[in-house]
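*Asks:* Now for the letters of each chain:
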Amino acid sequence: MLNNLIFINTTRFFLLILVQVLILNQINLFGYINPYLYILFIIIYPFTANKSLLIFLSFLLGLFIDFFSDSGGIHAAASVFIAFIRPVILKYSFGISYEYNTIKISSEDYLKQTIYVGSMVFLHHFIMFALEIFNINHFLLFLNSILFSSIFSIVIILCTITLFSKK
Amino acid sequence: MQQILYFFIRNKNFLLFTLLFLFSIFLTIQTHSYHKNKFINSSNYISGTIYSMKSSITSYFSLKKENIILLEENNRIKRKLESYRDKITNYNIDTAFIYSKYYFSHAKVINNSYSKTKNKLTINKGINDSLKTDMGVVTSKGIVGIIDNISRKYATVQSILNTNSQINAKLKNSKHFGSLIWNTVDPSIVQLIDIPRLAPVKIGDTIVTGGKSTIFPEGILIGEIKDFTLTQDKNSKYLNIKLFNDMTNLEHIHIISNIDTNEIINLEKENEDVK
Chain A
4 MLNNLIFINT TRFFLLILVQ VLILNQINLF GYINPYLYIL FIIIYPFTAN KSLLIFLSFL
64 LGLFIDFFSD SGGIHAAASV FIAFIRPVIL KYSFGISYEY NTIKISSEDY LKQTIYVGSM
124 VFLHHFIMFA LEIFNINHFL LFLNSILFSS IFSIVIILCT ITLFSKK
Chain B
489 MQQILYFFIR NKNFLLFTLL FLFSIFLTIQ THSYHKNKFI NSSNYISGTI YSMKSSITSY
549 FSLKKENIIL LEENNRIKRK LESYRDKITN YNIDTAFIYS KYYFSHAKVI NNSYSKTKNK
609 LTINKGINDS LKTDMGVVTS KGIVGIIDNI SRKYATVQSI LNTNSQINAK LKNSKHFGSL
669 IWNTVDPSIV QLIDIPRLAP VKIGDTIVTG GKSTIFPEGI LIGEIKDFTL TQDKNSKYLN
729 IKLFNDMTNL EHIHIISNID TNEIINLEKE NEDVK
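Protein chains in written order, with the working numbering: chain A, 4 to 170; chain B, 489 to 763.
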């Protein structure tokens with residue numbers, strides 16, 4: 004059972020990196036909008052598992068994406084941040100009970116799912132674009148990127164969760 | 489002592505987070521200065537290999553277009569050759585005797601970005617093909633960027649669509665020169681600044697490289713003037729330039745190496761030492 008979990012998460016880790024850099028980074032809808040599906044790994048990582056390990060894995064995940072997109076450490080920083088803040092977001096989207104009974108994200112109702120995924124994606128994109136653009140002159144570009152990329156990412160992540168859930 | 493140990497164990501997540509977060513910020517800030525991002529770039533072995541695998545598949549889709557571009561370039565070069573043949577009667581067929589300061593080689597773009605504010609390209613040649621940093625990259629239509637990081641088999645190119653780029657450029661007709669920058673709005677439009685107010689500027693005029701650096705030879709095409717305004721202090725003009733290159737669709741590129749680069753740089757260094 005434990006080995007199975009490790010295997011699934013390892014496969015997911017590398018599969019998401021490949022999908023992100025080979026397909027999703029090439030979309031460039033309207034010139035600058037890309038979805039960032041890879042944070043799905045952090046979103047559906049088992050809720051009760053070791054938190055330090057998650058923070059470290061998120062750092063590696065972000066760093067791999069940075070390797071491919073020549074962006075310094077922006078993905079790593081944003082991923083580490085949402086991995087660290089995840090317990091707080093879990094608490095206010097699913098209630099205090101998430102730690103004791105094993106909730107499956109795909110079996111929760113859509114409103115709770117959207118709140119959880121939405122907050123994670125928004126925080127991630129906020130930090131990422133803030134670090135990438137890093138210039139007050141391009142403030143409008145910053146807001147645009149956050150808004151449209153967030154919508155795109157949230158839709159894709161929710162679709163993926165629904166598509167791959169075992170019911 | 490025990491207190492301190494307990495403190496570390498209790499806050500281990502927070503400490504780990506702070507450490508990794510600060511490290512990522514450090515990596516990010518490093519990339520803001522040109523030539524400094526030695527560790528994290530796509531010219532490394534793993535990403536280079538994966539990108540060249542991707543490119544070997546996707547390049548089939550654009551074969552037809554690329555062929556047409558190559559044919560057009562062939563035509564243009566043939567026409568030029570014919571015009572030289574008219575001028576020189578006893579020209580020498582052996583190209584080894586034609587003296588040129590610049591040496592051209594070609595490579596293929598295996599990864600391209602144009603939607604960020606600091607865009608980079610990855611190409612499939614590196615140190616093994618005797619490339620070096622600070623070499624210019626062009627296509628048959630115009631300039632692309634400058635090589636900034638290099639590994640054994642791959643190299644990354646800082647695109648002109650990068651807020652760190654500043655390239656010397658001039659008006660083709662009047663020799664007034666300025667710097668080429670990008671305001672991140674549109675990947676087909678770049679900006680030329682510091683053109684003096686007196687310079688005669690007409691919409692549709694051609695902009696070429698200035699030849700004031702060792703990177704690009706003089707007269708490589710860049711684009712044409714789309715519109716222009718005076719700056720606030722009324723001393724210079726701010727030009728919007730429509731690029732001849734489609735930066736969103738690059739495949740075959742040429743790399744320019746200047747044989748005299750070392751000589752020029754050494755000479756300039758000597759001048760600085762004297763001061």
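I should point out that these hints are in silico values taken from the structure, not numbers from a laboratory. Hints are supplied without guarantee of correctness; some may be wrong.
Listed next, the in silico DSSO-like pairs over lysine-lysine satisfying Cα-Cα at most 27 Å (straight line) [what the hints assert, rightly or not]:
{"id": "1", "chain 1": "B", "residue 1": "Lys700", "chain 2": "B", "residue 2": "Lys663"}
{"id": "2", "chain 1": "A", "residue 1": "Lys54", "chain 2": "B", "residue 2": "Lys500"}
{"id": "3", "chain 1": "B", "residue 1": "Lys641", "chain 2": "B", "residue 2": "Lys660"}
{"id": "4", "chain 1": "B", "residue 1": "Lys542", "chain 2": "B", "residue 2": "Lys500"}
{"id": "5", "chain 1": "B", "residue 1": "Lys714", "chain 2": "A", "residue 2": "Lys94"}
{"id": "6", "chain 1": "B", "residue 1": "Lys663", "chain 2": "B", "residue 2": "Lys596"}
On a predicted model such as this, the values are computed, not experimentally measured, just so you know.
*Asks:* If you draw a straight line from the CA of Lys54 of chain A to the CA of Lys500 of chain B, is it 27 Å or shorter?
*Replies:* holds, 10 Å
*Asks:* Given the hint that Lys714 of chain B pairs with Lys94 of chain A, does the C-alpha gap stay at or below 27 Å?
*Replies:* Violated, at about 54 Å.
*Asks:* Do the alpha carbons of Lys542 of chain B and Lys500 of chain B lie within 27 Å of each other, as the hint requires?
*Replies:* violated, 40 Å
*Asks:* Hint check: Lys663 of chain B vs Lys596 of chain B, CA-CA at most 27 Å. Holds or violated?
*Replies:* The hint is violated at about 33 Å.
*Asks:* Is the Cα-Cα distance between Lys700 of chain B and Lys663 of chain B 27 Å or less?
*Replies:* holds, 11 Å
*Asks:* Is the straight-line distance between the alpha-carbon of Lys641 of chain B and that of Lys660 of chain B 27 Å or less?
*Replies:* violated, 36 Å
The structure shown violates the earlier hints numbered 3, 4, 5 and 6.
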